[in-house]
Amino acid sequence: MGKTITRRAALGGLLGGTLGCGLCGPLFGPGLSLAAARLGGEARFVVVILRGALDGLAAVPPYADPDYRRLRGPLALAAPGSADGALDLNGRFGLHPALAPLHAMYRAGEMTVFHAVATPYRSRSHFDGQDVLENGVTSARALKDGWLNRALSLLGGERLGLAVGQSIPLILRGDIPVASWAPADMPGLDGDFLSRLATLYERDAILGPALAQGRQAQAMADEALGDPRRAQGRMSGEKVYVANRGPQPMRVVAEAAGRLLAAENGARVAVLEVGGWDTHANQGVLNGPLANRLADLAGGLKALQDSLGPAWRHTVVAVATEFGRTVAVNGTGGTDHGTGGAAFLLGGAVTGGRVIARWPGLAANQLYEGRDLAPTLDLRSVMKGVLSDHLGLPAEAIERVVFPDSREAPMLRDTLRA
Amino acid sequence: MTTRAAFIAVNRFGLGARPGELERAARDPVGWAKRQIHAPPSLPAAFAGLPSGPSRMADFLHARQRRGDGGVQQLFRESFRQTFREEAAARLRVHVESEMPFRERLVAFWSNHFTVSVQRPIVLGLAGAFEREAIRPNVAGRFLDLLTAVVRHPAMLTYLDNGQSFGPNSPGGLRRGRGLNENLAREILELHTLGVEGGYTQDDVREFAKILTGWTMAPPEDPQAGHFRFAVGIHEPGAKTFLGRRVGPGLINEGEEVLALLARHPATARHIATKLARHFIADNPPAAAIERLARIFRDTDGNLAALSEAIVEQPEAWDEALPKLRTPHEFVVAALRAVEFNGAGESMLGTLRTLGQLSFAAPSPAGWPDTAERWIGPEAVLRRAEWAMAMGLRVAAIREPRQLFAGTIEPVAARSTALAISRAPSAGEAVATLFAAPEFQRR
Numbered sequence: 000m001g002k003t004i005t006r007r008a009a010l011g012g013l014l015g016g017t018l019g020c021g022l023c024g025p026l027f028g029p030g031l032s033l034a035a036a037r038l039g040g041e042a043r044f045v046v047v048i049l050r051g052a053l054d055g056l057a058a059v060p061p062y063a064d065p066d067y068r069r070l071r072g073p074l075a076l077a078a079p080g081s082a083d084g085a086l087d088l089n090g091r092f093g094l095h096p097a098l099a100p101l102h103a104m105y106r107a108g109e110m111t112v113f114h115a116v117a118t119p120y121r122s123r124s125h126f127d128g129q130d131v132l133e134n135g136v137t138s139a140r141a142l143k144d145g146w147l148n149r150a151l152s153l154l155g156g157e158r159l160g161l162a163v164g165q166s167i168p169l170i171l172r173g174d175i176p177v178a179s180w181a182p183a184d185m186p187g188l189d190g191d192f193l194s195r196l197a198t199l200y201e202r203d204a205i206l207g208p209a210l211a212q213g214r215q216a217q218a219m220a221d222e223a224l225g226d227p228r229r230a231q232g233r234m235s236g237e238k239v240y241v242a243n244r245g246p247q248p249m250r251v252v253a254e255a256a257g258r259l260l261a262a263e264n265g266a267r268v269a270v271l272e273v274g275g276w277d278t279h280a281n282q283g284v285l286n287g288p289l290a291n292r293l294a295d296l297a298g299g300l301k302a303l304q305d306s307l308g309p310a311w312r313h314t315v316v317a318v319a320t321e322f323g324r325t326v327a328v329n330g331t332g333g334t335d336h337g338t339g340g341a342a343f344l345l346g347g348a349v350t351g352g353r354v355i356a357r358w359p360g361l362a363a364n365q366l367y368e369g370r371d372l373a374p375t376l377d378l379r380s381v382m383k384g385v386l387s388d389h390l391g392l393p394a395e396a397i398e399r400v401v402f403p404d405s406r407e408a409p410m411l412r413d414t415l416r417a
Numbered sequence: 000m001t002t003r004a005a006f007i008a009v010n011r012f013g014l015g016a017r018p019g020e021l022e023r024a025a026r027d028p029v030g031w032a033k034r035q036i037h038a039p040p041s042l043p044a045a046f047a048g049l050p051s052g053p054s055r056m057a058d059f060l061h062a063r064q065r066r067g068d069g070g071v072q073q074l075f076r077e078s079f080r081q082t083f084r085e086e087a088a089a090r091l092r093v094h095v096e097s098e099m100p101f102r103e104r105l106v107a108f109w110s111n112h113f114t115v116s117v118q119r120p121i122v123l124g125l126a127g128a129f130e131r132e133a134i135r136p137n138v139a140g141r142f143l144d145l146l147t148a149v150v151r152h153p154a155m156l157t158y159l160d161n162g163q164s165f166g167p168n169s170p171g172g173l174r175r176g177r178g179l180n181e182n183l184a185r186e187i188l189e190l191h192t193l194g195v196e197g198g199y200t201q202d203d204v205r206e207f208a209k210i211l212t213g214w215t216m217a218p219p220e221d222p223q224a225g226h227f228r229f230a231v232g233i234h235e236p237g238a239k240t241f242l243g244r245r246v247g248p249g250l251i252n253e254g255e256e257v258l259a260l261l262a263r264h265p266a267t268a269r270h271i272a273t274k275l276a277r278h279f280i281a282d283n284p285p286a287a288a289i290e291r292l293a294r295i296f297r298d299t300d301g302n303l304a305a306l307s308e309a310i311v312e313q314p315e316a317w318d319e320a321l322p323k324l325r326t327p328h329e330f331v332v333a334a335l336r337a338v339e340f341n342g343a344g345e346s347m348l349g350t351l352r353t354l355g356q357l358s359f360a361a362p363s364p365a366g367w368p369d370t371a372e373r374w375i376g377p378e379a380v381l382r383r384a385e386w387a388m389a390m391g392l393r394v395a396a397i398r399e400p401r402q403l404f405a406g407t408i409e410p411v412a413a414r415s416t417a418l419a420i421s422r423a424p425s426a427g428e429a430v431a432t433l434f435a436a437p438e439f440q441r442r
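So the protein lines, in turn, are chains Z and S.
So the first sequence is numbered by numbering that gives the first Met the number 0: it starts at 0 and just counts up by one.
So the second sequence is numbered by numbering that gives the first Met the number 0: it starts at 0 and just counts up by one.
Incorrect hints may appear among the rest.
Unchecked claim - Taking lysine to aspartate or glutamate pairs in the EDC-like style, the calculated list, with each CA pair at most 16 Å apart, reads:
(1) Lys143/Z / Glu312/S
(2) Lys301/Z / Glu368/Z
(3) Lys239/S / Glu255/S
(4) Lys143/Z / Asp191/Z
(5) Lys33/S / Glu312/S
(6) Lys143/Z / Asp282/S
To be verified - Chain S stretches covered by chain Z per the calculated footprint, using a threshold of three residues with CB under 8 Å from any CB of chain Z:
(7) 165-174
(8) 405-419
These are calculated hints, taken from the structure and not from any lab test.
The beta-carbon is built from N, C-alpha and C at its ideal position, and this holds for glycine as well.
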């Protein structure tokens, strides 16, 4: 018998084995996955994708807009200063109280809020919208790889990636190998068995590369996480079946992501996916399903900061969603698919404490198609600035390779510390 | 090469070979599949005694009316979750034990096309019933009947919110200050019928949502509580304009007219044909096959028996390469069929979750993905190998590797695979190698 592969043990020790909830109620935790890739240097970049369309007007209420309260009706938050009011940002915009940990980051100059922002996608399908957010061009089917993978292709050095989650999100798919990685409840495999399997998979265009990357990811995990528990032993039939566990907060995966990113030779780019934002009905205001999701997000981002430790100083976290939601409340106490919304940059490398928004207004004639917050900033502009100022990619290559045909989205500079 | 054709029949159209199934299919692989389409539909015994959708919906409505939110949460926790576990286990058992696996594949295909997901807790009590009541009886009927059954089922009406969508100018909407919810209307157009490029606009979504107001369930105080009910009092009055034509005013007839229009629309034919070809032929299905299937859909007015036969008749569907990767559920089912693991129970659900595909738990209304790249990452491939090993160790004492090999992948196995199985250091690893082999992971 060869050495028992310890990928499981490594993450099991790290996360207490709590990842990977499926059947649990109030059902799932957020659909979480993390992917990471190694770069040279100290800079860390994390993208958090909020799947399902975050209601930007709930997360970042434009409380001073004269039409806000009228249109949002029962979903409007009270102004800052009043009981249960929004947390003030700059006299015009506030944060949902459930985002209090982010408000602290904002006040510490480590978070910038973007509003009336959108990808170039202008229809209202989640699935196409997410594809456009991730492929970095104007249409869902125009490119089948992700802009972050193309960015990685421009970065030198070791580029092995990792993903917590069983598959790799589109944003990280492409020519540059990126592994995915997650703790599971099944014990590890014998190394000899895996190498025999690798021979069988040699000619399989899908299974072959996936297995090779999985074995590499294992090696990287061992290195990044230190000596894992090795006494996993042979699995037995009884151990195959796992108990159902409770819902999984984002904090759990964010902590792992932070540890992997903080390690000296660890990952430098990561992607986390958080689901549950499609609030069509009864989304609530101060409390309720959306407030719970926001609190989970804020707790997750705070956990990421904590586990990054000193590396937070060199970190940019971008939080984005596929589109915003309707300005007006729909007939069922929720909001339907919209256009413009909110996004965030956080991290020690961010010149924060600012709201960047060319506010279009909420009057009837100011709304996009009479119903949505009109976008005045292209999300790609923000991301271009991060790739240039944080990861040091040449502007020309960003325009040509990462975000082709994006002249309408000029690079937004000065969002980061020099 | 009848054994190769039999392999394709029982894997590409079926759920993987149970012992003896390859030989039975080898006599007439095409006929083996086609006969299942026309077999009289009978409900598999494993589903006996499971509750109906309307009855569980009524339980929910009564709990909410009598005991409020706390009562609803308690119902979900103490009852709906158990219903779900029983439903998911029964479904697995049916897939493992079925002698009509092509028919089960069709049920699963349409169930995924019209996804309801337990990501919303209320669906825990309804998802199994939805597949059994709305999908299963209609997979060899007309597409319009299937679509209509789906849209009227309490699971779909709740999952995509239509049950609580009010016409803003209806008496009920005005009285209660409630209005539209676009969710179901949009997903019918985008996911169930025309497809995202099917040529509809935001205005069409909105108008369709108005048309569908009133499609809901009978309220708790009604003897028919939980059953489909067209509630006139919340239906948006007046005529609507949908896809450039005037619809109504005609109450429930408006929705029925639009569903019929959608079922007959060429974009729907194309959308369905593409998804079927992707499911049964290849991740990037050949354009010619899509075209032929779309034509049959149009020419037969959405006759799903004819369409299912046509899928089996596509020459591309008998390609000897194995272009499709099994989903986690298909992978587990194939392995359990190979070893005749009958009586699969709730204890298997953890495995399906760990491998990434628990029944009725798709991540969104778009359903489970149907391309290999969405399923296989470095982590997933290791998990499958681990489960193969666990199964191998578990069954080696009672199943002979050589016989398992002959009964499953031998007709298409590469020499290297056959050698690796025969030379494995133990019987357990031999079976593990068989299940992990590319020939077993593909179909």
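message: Check the structure against each numbered hint from earlier and tell me which ones fail, lowest number first.
response: 1, 2, 4
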